[in-house]
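Residue numbers (this note's numbering): 9 to 91.
Fair warning: there could be bad hints in the mix.
[Said to hold, decoys possible] Heads up, simulated EDC-like pairs for lysine to aspartate or glutamate below, C-alpha to C-alpha not over 16 Å straight-line:
| no. | residue 1 | residue 2 |
| --- | --- | --- |
| 1 | K11 | E80 |
| 2 | K11 | E77 |
| 3 | K11 | E66 |
| 4 | K19 | E77 |
| 5 | K20 | E63 |
| 6 | K49 | E87 |
| 7 | K11 | E79 |
| 8 | K19 | E80 |
| 9 | K11 | E63 |
| 10 | K11 | D38 |
| 11 | K20 | E80 |
| 12 | K49 | E15 |
| 13 | K49 | D24 |
| 14 | K20 | E77 |
[To be verified] Distance windows between CB atoms, simulated:
| no. | residue 1 | residue 2 | range |
| --- | --- | --- | --- |
| 15 | E52 | I30 | 21 to 29 Å |
| 16 | L50 | H76 | 17 to 25 Å |
| 17 | V33 | K11 | 26 to 34 Å |
| 18 | M9 | L34 | 35 to 43 Å |
| 19 | D59 | V33 | 18 to 26 Å |
| 20 | D59 | R84 | 15 to 23 Å |
| 21 | Q36 | E87 | 37 to 45 Å |
Just so you know, the hints here were simulated from the structure itself, not pulled from any lab data. For each residue, glycine too, the CB sits at the ideal point set by N, CA and C.
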Amino acid sequence: MIKAVVEIRLKKGVLDAQGQAIGEVLDQYDVDGVERVRVGKLVELSFATTDNIEEQVEALCDQLLVNHEMEEYSYRLEERGDE
């Protein structure tokens, strides 16, 4: 079986309110050295078949998972072990 791991990030220049909030909390906890925080999403899709996986992942990202106005994505395919 194959697992697709999709990483979704905000495009450069898009305000990351969640990352900004985390950065402010880090300041409150006196965490030094962190210049910027960006938050993204990780989506794992497990497939029972090996047929057309890349096409399926691309279609899911294009039509459902990613807001193309604000986000960009990348993915990798992995052999799925016993999980």
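Hint check results:
1. K11 x E80: 20 Å, violated
2. K11 x E77: With Cα atoms ~26 Å apart, K11 and E77 exceed 16 Å; violated.
3. K11 x E66: 14 Å, holds
4. K19 x E77: Holds. K19 to E77 sits at ~8 Å (cutoff 16 Å).
5. K20 x E63: 26 Å, violated
6. K49 x E87: 21 Å, violated
7. K11 x E79: 22 Å, violated
8. K19 x E80: 6 Å, holds
9. K11 x E63: 14 Å, holds
10. K11 x D38: 39 Å, violated
11. K20 x E80: 9 Å, holds
12. K49 x E15: 6 Å, holds
13. K49 x D24: OK: K49 and D24 at ~12 Å, within 16 Å.
14. K20 x E77: 11 Å, holds
15. E52 x I30: 21 to 29 Å: Because 22 Å falls inside the window, the suggested range holds.
16. L50 x H76: 17 to 25 Å: 18 Å, holds
17. V33 x K11: 26 to 34 Å: Holds, since V33 and K11 (Cβ atoms, about 32 Å apart) stay within the stated range.
18. M9 x L34: 35 to 43 Å: 39 Å, holds
19. D59 x V33: 18 to 26 Å: 45 Å, violated
20. D59 x R84: 15 to 23 Å: 18 Å, holds
21. Q36 x E87: 37 to 45 Å: Holds: the Cβ-Cβ distance is about 42 Å, inside 37 to 45 Å.
Hints 1, 2, 5, 6, 7, 10, 19, counting from the list given before, are not met by this structure.
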